[in-house]
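J.: The lines below spell out each chain.
There are 2 protein chains.
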Amino acid sequence: MEESKKLSDIKDFGEFALIDHLTKNFSLKNASSSFGVGDDAAVISISETEVCLLSTDMLVEGVHFDLMYTPMKHLGYKSVSVNVSDICAMNGIAEQITVSIAVSSRFSTEALEELYSGIHLACENFKVDLVGGDTTTSISGLTISISVLGRAQKENVVYRSGAKEFDLLVVTGDLGAAYLGLQLLEREKDVFKANAQIQPDLDGHDYIIERQLKPEARIDVIGFLKELGVQPTAMIDVSDGLASEILHICKASKVGCHLYDEKIPIDTKTSMTAIEFNMDPTTCALNGGEDYELLFTIKQEDFEKIKGNPHMTVIGHITDEKEGIYLVDKNGSALTLKAQGWKHF
Amino acid sequence: MEESKKLSDIKDFGEFALIDHLTKNFSLKNASSSFGVGDDAAVISISETEVCLLSTDMLVEGVHFDLMYTPMKHLGYKSVSVNVSDICAMNGIAEQITVSIAVSSRFSTEALEELYSGIHLACENFKVDLVGGDTTTSISGLTISISVLGRAQKENVVYRSGAKEFDLLVVTGDLGAAYLGLQLLEREKDVFKANAQIQPDLDGHDYIIERQLKPEARIDVIGFLKELGVQPTAMIDVSDGLASEILHICKASKVGCHLYDEKIPIDTKTSMTAIEFNMDPTTCALNGGEDYELLFTIKQEDFEKIKGNPHMTVIGHITDEKEGIYLVDKNGSALTLKAQGWKHF
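So the protein sequences, as listed, match chains A and B. The letter at position 235 of the first sequence is residue 235 when you use the working numbering, and the numbering goes up by one with no holes. The letter at position 273 of the second sequence is residue 273 when you use the working numbering, and the numbering goes up by one with no holes.
Read the hints as simulated data drawn from the structure, not as lab findings. Watch out, some of these pointers could steer you wrong.
Note: identical chains are not told apart, hence a pair may lie in one copy or across any two.
List of simulated lysine to any residue pairs, SDA-like, C-alpha gap at most 20 Å [stated by the list, open to error]:
id, residue 1, residue 2
1, K127, L28
2, K154, E50
3, K154, I46
4, K154, S32
5, K154, S45
6, K164, G38
7, K11, E110
8, K154, S47
9, K338, T283
10, K24, S117
11, K299, V314
Throw the hints in and build the complete structure from the sequences for me.
T.: So, in structure tokens, the structure goes:
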């Protein structure tokens, strides 16, 4: 090897920047490829009025999950859920998945059966069909790659790029719980590692632990929006933390945003655990990630339709791009919003 | 842990049996899911006359490829090719792919750029669009998971299950070269490991090495079949070796088969290398795998259409299931055909 030039470290890139960099020379050639890389799912035209939505996610042991506290069944369920969530984020209905796993010989058949029982339960709950996949050996650990195919009317597809000035910013459910669930599981793991006689103390924390281990894709919200006659102007799912997702929408839509600190929906159990960990609940909601709620923008005229809806909270509004992206606190002070979401590099 | 029961080893299953076992409780619920697990791709109904085809493959470093002799660009190309080949095997046209990679920090940005340049070249050659994916870190090694979406007229889709008694068995191109390319690369790797001063001796072996490192999905054959007006009755791609693929077609179609030893197309360069390795060329063709040729059955009345076609060779014929599956040699002796294809468990 005559390699003398210093090679670049992939850690120099964030995850999103690396994908952008590697795929920058790719262009779309087929008429059916309506939209490629850069949203929650690709959009494939299948008729005058209908599209398929295609998305994929890979989960790697030791990076995305820790089998010391993640039951295989929950892992299977979550793997499907995060993929279905990507289809929800396009305002579509997930219909099929393929599941590929690479698994080392330290896993028993029974462990894989548990994994697939979680995948099966998720398929039932989210009404998707397992239609294919691949099972192979790995040198070490478990890697799960799921692809999901969804369907939507062309006119109903919601991209990240459609937000307009004056639109309202809405989030579903509550935020930060999945992150604090993870903190709690990590703490109890450390305690257990220090002394295996000490049983994990997870009492009273069912909610945040379930939010971490078994997140639910919000297919219900897609139904609610349809019933309410609300077509979001932009949408994304909250996988990397609220701040990161807001920045994605603003970048894609070329707009600014005012996010109101005190409007961010945080469950009391989440806040209490945050305080127990000496953490700010809002920071957990902004940067924690893995809540798999939906973040979307709607026209002001649609506000009456969602007002009082227990699943949706207006947390801000869209501004002109030049105004910037701000987190506004109770006193009216504005801080530039920054993403400190999960970086897997 | 109160686990006392002995857990089962996943090695007790073959790859196909393990997938069957894990997915046996899954049923198809959505009207659009025409065909799920069990063929080269799933079939998704998108209109009265058209279907989407969905398939996925995972390639794991140290299991499916060895970076000691696999250039990253070739690896990227091959990863796409093997997926496109699955769509060809359904008589469809591949149109979109998603690419997910998990990669450890030992890989440089330049190495990933090489990988993606191979993916890019394959996208150009096979006329598919990269529409999505995921890039994440891994604890060790490189894992590539690609999903492919294809399109076909519903009436043109070819399953493994359609072969009928008296149909002719046809294979494209020639077989065994990819396997011998691998043997050669492995041998030179061992030589190099023993003495790093010795340069690899690959002279005159370009053909078989290219067949291993850069297989071509036979999208040309799908075009030829259309031009010739030949609709295969059953089809599969040769990824695990001719014997294994014949057994898949016979099992799915509930038929038997007579395969004629001397008809199997083997390139002279392949035969010569086999002899150099003290291996039987036919055995390499039967069990080697990774040729990514197409194996299909046609009605006898279509024989005239393919007769003399340089890309297609009739290698046998389909019999009643009760007659069994046999390899017939020059002297007319028949041996029961067994698959000794690659097992990744």
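J.: Look at each hint and say if it fits the structure.
T.: Outcome of the hint check:
1. K127 <-> L28: between (31 Å within a copy, 10 Å between copies)
2. K154 <-> E50: both (5 Å within a copy, 17 Å between copies)
3. K154 <-> I46: Classified as both: same-chain Cα gap 9 Å, cross-chain 14 Å, threshold 20 Å.
4. K154 <-> S32: Classified as both: same-chain Cα gap 12 Å, cross-chain 17 Å, threshold 20 Å.
5. K154 <-> S45: both (8 Å within a copy, 17 Å between copies)
6. K164 <-> G38: within (19 Å within a copy, 46 Å between copies)
7. K11 <-> E110: between (36 Å within a copy, 12 Å between copies)
8. K154 <-> S47: both (9 Å within a copy, 15 Å between copies)
9. K338 <-> T283: within (11 Å within a copy, 61 Å between copies)
10. K24 <-> S117: Cα proximity of K24 and S117: across copies only (11 Å, versus 39 Å in one copy).
11. K299 <-> V314: Answer is within: at 12 Å inside a copy they meet the 20 Å cutoff, but 64 Å across does not.
This entry satisfies every hint, going by the numbered hints stated previously.
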